[in-house]
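*Asks:* Position 116 of the sequence shown, counted from 1, bears residue number 116 in full-length UniProt numbering, the numbering being contiguous throughout.
Hints are supplied without guarantee of correctness; some may be wrong.
[Claimed, not checked] Cross-link-like lysine-lysine pairs, in silico, DSS-like; alpha carbons within 27 angstroms at most:
hint, residue 1, residue 2
1, Lys-68, Lys-47
2, Lys-42, Lys-59
3, Lys-118, Lys-47
4, Lys-68, Lys-39
5, Lys-39, Lys-57
6, Lys-57, Lys-42
7, Lys-47, Lys-59
[To be verified] What follows is a set of in silico ranges between Cβ atoms, one per label pair, in the way DEER data are often shown:
hint, residue 1, residue 2, range
8, Ser-12, Ile-74, 36 to 44 angstroms
9, Thr-89, Ile-66, 16 to 24 angstroms
10, Val-14, Thr-69, 19 to 27 angstroms
11, Tyr-81, Arg-52, 27 to 35 angstroms
12, Leu-77, Leu-100, 38 to 46 angstroms
Hints in this document: simulated from the structure, not taken from any laboratory. Just so it is clear, the structure is predicted and the values come from calculations on it, not from any experiment. For glycine and all other residues, C-beta sits at the position ideal for the given N, C-alpha and C.
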Amino acid sequence: MFWKVIAAIFCSPVFTLILCIIFLLLNILDGHSTYLVLKPDKYHREKNPLARWVFQKLKIPAGIIIFKTILMSILILAIAYFTAWEPLTVNIAMLIADLLFLVVVLHNYHLYFRLSRKE
1 MFWKVIAAIF
11 CSPVFTLILC
21 IIFLLLNILD
31 GHSTYLVLKP
41 DKYHREKNPL
51 ARWVFQKLKI
61 PAGIIIFKTI
71 LMSILILAIA
81 YFTAWEPLTV
91 NIAMLIADLL
101 FLVVVLHNYH
111 LYFRLSRKE
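Please take these sequences and the hints and turn them into a complete structure.
*Replies:* Below, the structure is given as structure tokens:
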């Protein structure tokens, strides 16, 4: 009985929507925390080489906004497409992605507060 309820929740489009909203909010927080850590021109702190390259070319905050907008657009389309075929797998992947992104966001803010105390 318990596992049927869990499976029903994980196959629910409402659960997909909730996970996507959380993912979007975490991406906004990631953009904000990335800006705080990189401003005004500390691009070497960015660990993602593709993001670092975009930020160096477009500067911040424009690079962060454009990079996140393109990335989120692609991911939202992929999520919408695959949810129609395999909602359980998508929801499990989204839950894992949300948890990982939460760790990234917490790390970014922790780094920002640590760096701001030194400066």
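*Asks:* All the hints need checking, so say for each whether the structure fits it.
*Replies:* Here is what the structure says about each hint:
1. Lys-68 to Lys-47: holds, 15 angstroms
2. Lys-42 to Lys-59: holds, 10 angstroms
3. Lys-118 to Lys-47: holds, 21 angstroms
4. Lys-68 to Lys-39: holds, 17 angstroms
5. Lys-39 to Lys-57: Measuring from Cα to Cα gives roughly 14 angstroms; hence the hint holds.
6. Lys-57 to Lys-42: holds, 13 angstroms
7. Lys-47 to Lys-59: Holds - the C-alpha atoms of Lys-59 and Lys-47 are around 16 angstroms apart, at most 27 angstroms.
8. Ser-12 to Ile-74: 36 to 44 angstroms: violated, 24 angstroms
9. Thr-89 to Ile-66: 16 to 24 angstroms: Between Thr-89 and Ile-66, where Cβ atoms are some 30 angstroms apart, the hint is violated.
10. Val-14 to Thr-69: 19 to 27 angstroms: With Cβ atoms ~25 angstroms apart, the hint holds.
11. Tyr-81 to Arg-52: 27 to 35 angstroms: holds, 29 angstroms
12. Leu-77 to Leu-100: 38 to 46 angstroms: At 21 angstroms between Cβs, range violated.
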